[in-house]
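Participant: Listed here are the chains, written in short residue letters.
2 protein chains.
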Amino acid sequence: MISKEEYERLAQAACQYYKRAGIVLTTAEKERIEIADFGLQDVEHTGLQLIVYVNTDRVCAKEMVLLPHQTCPEHKHPSTGALPGKEETFRCRYGRVYLYVAGEKTPNPHCRPPHGSEAYYTVWREIELNPGEQYTLFPDTLHWFQAGSSGTVISEFSTHSTDETDLFTDPRIKRTPEISEGI
Amino acid sequence: MISKEEYERLAQAACQYYKRAGIVLTTAEKERIEIADFGLQDVEHTGLQLIVYVNTDRVCAKEMVLLPHQTCPEHKHPSTGALPGKEETFRCRYGRVYLYVAGEKTPNPHCRPPHGSEAYYTVWREIELNPGEQYTLFPDTLHWFQAGSSGTVISEFSTHSTDETDLFTDPRIKRTPEISEGI
Chain A
389 MISKEEYERL AQAACQYYKR AGIVLTTAEK ERIEIADFGL QDVEHTGLQL
439 IVYVNTDRVC AKEMVLLPHQ TCPEHKHPST GALPGKEETF RCRYGRVYLY
489 VAGEKTPNPH CRPPHGSEAY YTVWREIELN PGEQYTLFPD TLHWFQAGSS
539 GTVISEFSTH STDETDLFTD PRIKRTPEIS EGI
Chain B
389 MISKEEYERL AQAACQYYKR AGIVLTTAEK ERIEIADFGL QDVEHTGLQL
439 IVYVNTDRVC AKEMVLLPHQ TCPEHKHPST GALPGKEETF RCRYGRVYLY
489 VAGEKTPNPH CRPPHGSEAY YTVWREIELN PGEQYTLFPD TLHWFQAGSS
539 GTVISEFSTH STDETDLFTD PRIKRTPEIS EGI
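Protein chains in written order, with this note's numbering: chain A, 389 to 571; chain B, 389 to 571.
Keep in mind that the hints are not guaranteed to be accurate.
To be verified - So the derived label-pair ranges between C-beta atoms look like this:
1) R500/B to K418/A: 31 to 37 Å
2) S537/B to R560/A: 50 to 56 Å
3) R397/A to E393/B: 51 to 57 Å
4) T510/A to P456/B: 51 to 57 Å
5) E492/B to G504/A: 57 to 63 Å
6) R560/B to P495/A: 55 to 61 Å
Honestly, the hints are just simulated from the structure, not real lab data. The beta-carbon is built from N, C-alpha and C at its ideal position, and this holds for glycine as well.
Construct all of the structure, not just a fragment, from the sequences and the given hints.
Facilitator: Shown next as structure tokens:
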């Protein structure tokens with residue numbers, strides 16, 4: 389859960405990142421920026437700001453902001469039966485993001501998991517994305533990502549987004565955001 | 389068919405529009421900008437510049453540029469049997485675009501079809517998109533669009549893109565670009 393004040397502060401910070409990235413949002417969009425704190429009460433370290441542009445049955449597009457060194461925790465988008473899980477392409481628009489996926493561990497990775505959550509970060513192949521660079525994640529791929537020291541703005545192009553089906557490595561995590569007062 | 393010189397000129401113009409929109413492309417992307425002249429030999433009026441970021445079986449994302457008053461001609465993305473046609477969301481990033489779809493004709497529309505092609509423009513409900521504004525087109529929806537006087541940059545978020553299945557109102561149109569010399 390985050391406070392209304394924290395929501396406002398982070399949403400305003402996200403707007404500044406969008407502006408730096410040259411991304412124009414409508415007034416209505418600025419008022420519905422989402423803050424994900426993943427239920428860990430430590431949004432500065434484990435958290436994500438985002439605006440969802442469109443999310444139909446077939447296509448989703450969003451623009452995510454991570455503050456400097458902020459982390460989106462490890463998770464995957466599972467397939468269920470014949471229904472394939474979410475596929476997503478991350479495209480860095482501003483700053484730098486380090487993306488971690490399964491595979492041979494990168495020696496001396498740039499990032500460390502948030503303090504106290506180390507046990508829930510298990511994939512260590514590092515992919516560095518600078519503006520204009522992108523990476524496609526297919527369903528059932530464990531991944532996590534962290535912004536570099538300047539923060540980052542990342543476009544996500546994907547199939548339908550259903551946050552409630554995401555599988556996080558950390559069992560403490562709740563994806564659905566809770567805000568302490570109505571906003 | 390367009391000449392190599394025309395390709396280079398339009399690709400460079402597109403790069404300038406991307407820069408104005410704050411969109412960063414990699415060097416490799418700048419070298420594979422696509423110019424669609426639709427086979428009408430009049431690319432300044434009927435044409436489109438674009439870069440495809442990703443096009444998997446499920447998701448496609450691209451960034452389109454239209455020069456001032458340049459038009460993407462009327463077409464639709466048909467469903468075939470049980471397979472639904474392409475769904476696409478246009479999001480204006482820079483300049484202004486006028487999108488035309490089926491529905492009640494807008495009085496005094498801002499655009500006119502390219503000279504000599506008037507017969508092949510049949511839908512006249514006008515949707516004006518300025519930066520940050522977007523519109524979603526579901527399959528089988530006839531549409532065309534034209535840039536305003538400053539040109540435009542438009543992101544497209546969609547299902548898999550298969551240009552060869554597009555149905556154009558104008559039977560003279562060929563979607564697959566042809567360039568007179570290898571590039």
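Participant: All the hints need checking, so say for each whether the structure fits it.
Facilitator: A quick look at each hint next to the structure:
1. The hinted range of 31 to 37 Å is satisfied by R500/B and K418/A, whose Cβ atoms lie roughly 35 Å apart.
2. For the hinted restraint 50 to 56 Å between S537/B and R560/A, the CB-CB distance of approximately 55 Å keeps it satisfied.
3. The given range of 51 to 57 Å is respected by R397/A and E393/B, whose C-beta atoms sit roughly 53 Å from each other.
4. The beta-carbon spacing between T510/A and P456/B, approximately 52 Å, falls within the hinted interval of 51 to 57 Å.
5. A C-beta distance of roughly 59 Å is found between E492/B and G504/A, which places it inside the suggested range of 57 to 63 Å.
6. A beta carbon spacing of about 58 Å between R560/B and P495/A agrees with the range 55 to 61 Å that was offered as a hint.
Every hint, counting from the list given before, is met by this structure.
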